[in-house]
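Guided by the hints, dock chain B onto chain A, whose structure is given.
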Amino acid sequence: MSRIIVTGGGWSGVSAALSARKAGAEVVLLEKTDLVLGAGNVGGIFRNNGRFTAAEEMKFLGAGELFDIMDKCAVHVNVSFPGHEHASLYDVNKVEPCAKELLGEFGIELMTESHVMDIVKVNDNVEAVVLDDGTKIEGDVFIDTTGSSGPMGNCLKYGHGCSMCIQRCPTFGPRVSLTAKYGIKDLRGRRSDGTPGVFSGACKIEKKTLREDIRDELNEKGVVILPVPKEDVNYDKLGQKACRQYALKEYSENVIILDTGAAKLMTSYYPLDKLRKIPGLEQAEYIDPYSAGRGNSIRYLAVAPCEDTMHVIGATNLFCGGEKGAPLIGHTEAVVTGALAGYNTVKYAEKEELLILPDTLAVGNIISYSHKQFVREQIYNERYTFAGGVFFKRMKELGLYSTDTDDIENRVTAAGLKGIFDISPKTPVPPHSRVSGGQL
Amino acid sequence: MRIYTKCSNYASDTCPCVLAESGHCIVCSMCRGEDFCDCSDTSGFCVMQELYNNGGKARDQHHMMKCTVTYETVFDDTIKLIRLNIPDGEIRSFTQLGSFVFIRVLENTFYDVPISVLYEEIDLDSIELMIQLQGIKTKCFKNLKKGDTVFLRGPYLNGIQGLKALSSLHNSKSLVICRGIGLFPSLYPISQMIKNNNDVKIYLDQGTFSKTLLRAAKDLYELDIEEISIMDPGGRISSQMYAIIDDAIKQDVKLIHFGTSDHVMKQLIDHVEEKSGRNVALSCINNSHMCCGEGICGACTRNINSQKIVHLCKEQMDVYEYGKILI
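Residue numbers (my numbering), protein chains in the order written: chain A, 1 to 440; chain B, 1001 to 1327.
If we strip away everything but chain A, and leave its shape as in the complex, we get (with noise of 0.2 Å):
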């Protein structure tokens, strides 16, 4: 049985593990916080525009577990706001525990409060990754999923400094690019005007803080549309969002907030004295970030160059998922990726072809089309999300995007994947095996 170490326990490690685990291997999920789904913790929208069919053709392929319990998390279902049809919305306080349960029950071995800060590259090969105690887990193939935004420095130098959001850094310690540990250069998203890196796009309110009538509105229809004074409405924030889906002129002329369990502002930062000028917001308050009057965490300084197959390019037994695999928006996203690495760590362990999803399905065409932009033709200013901008756009040009069903189903078919991701797991795994123990 091959053993596989996924580093980063976001919604792509989450779904790496798993599909790694389903498809027959002994799996290690590291965590440097005490929480998984990363920053799903305060994610909450899905099946919204293109990410529908995304999920659907997930559930065909045989990896809908994730989509499950995020449909069984949500509080709302088919809501319409600003540019965006029928989407989901899960509480992203009940969305964490289901997860981790989940992890449990396919018997992966999940490590929390768990940072690594280096590799073991013996002749190419990454023999271990090591813990910040020195200690090191050793396995066969590895999936660097620690995504891409932060540390502390990024977000000082290319935002406005430490804005405490989820990932908590201070904490935990800093996210460590593995590939980039490897000897492979990181590639860096950029801005519309060129500086690099991008804002996280939404901020998290505290529900007990809006106004009675306002969080009834919230509570009851799952998004609620209030107008941005004329004098603080700003243009130039769309160009340094990560979410190219929200980066409409709807968004910065109005304050937008969606029922995620708390209330979702889809706007990265924006300063508390102008946000309680909002009739309705007076008296709002941040929880994530607790400074998301002033910055956001930092993005996509830290991109891995991929193949289709996740396979990162230059290393040998290194794969990537989410966002450090492919300049990708949302959880979504980051689950489609990290499905796929999972899998093809376990093929790559036992030598067979690696899988390469098909462009016939939105869920392969948006790993090719984003590699072939970001990756070969450099484009670093873009990202892509079944959701909205560039690639909604060409999903819709070329048929991908659909709400049918049986359409769904008979495309996955088409393409011979159908269930795919969906083996069942083989014996279970003695916990904290092959781990020796640490120095510095």
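FYI, nobody ran anything at the bench for these hints, they're computed from the structure.
List of simulated lysine to any residue pairs, SDA-like, C-alpha gap at most 25 Å:
#	chain 1	residue 1	chain 2	residue 2
1	B	K1080	B	G1207
2	B	K1057	A	M164
3	A	K121	B	K1275
4	A	K393	A	V375
5	A	K121	B	I1003
No experiment lies behind these values; they were computed from the predicted model shown.
Structure of chain B alone, referenced to chain A:
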């Protein structure tokens, strides 16, 4: 695997230091002028952020203190114990594992000598130092009397290599091997390990010490020490010493601490590596020759595989790797 070092000064009262200000920080790639954050082995404290918050300037650095000698005694004409009174408000910063100070009697800063802090008494604002009167700098202390003034700079924090392993050892077994004056810089680590409920077995080779001094040291610090000869008459490590180490490894000792000369330490570290496959944590005293203690002068630098220069006055290394660069 590439060699990583940590900065013992990181996140201390004097961090960010002049190295960060001048673009030579040991920890922070961005303070070194690189475009992106490559922070991997730190948490809780962003040097770049602190430097930024401090207007791009280093924090207030170590400054010279004038201290009064409150007690002194000489053993064997070669070892002098002195107790110093530290100026008001400065004592709390001496209480860390690995603390050492630069001290001199003469005005001329060339005479600064690095000495480990043996012991501090917070209530009495005093610290104790044990000095071997050996070279031109240390012999100046010979005639020092109670009431005299010395110049002191510190504390610096890299007197021990393997600080993290030492401080994180709890409820385990450890072995301490010292020779001669090497016992004294090891006293603080020993007391820390005992405090953390570890079973500490101490072996001491008296080296050039007389029996009187050995007894004095035992009584002074209430240590249960077993005497041993590390070297055989031919100048090689004795088989008895190797047997003790091998036995300790078999008995699941988690940490071995060395307080010996670099020459001996190098051989012992190599032996532990061979026998344990690096599964036993190590710590040792830092015998580097130092001058400024700030990572500036270069007196303590070593070159690792022609790839990296380490400043041993500040940088913490994996002790097995440290053994490789000892001369």
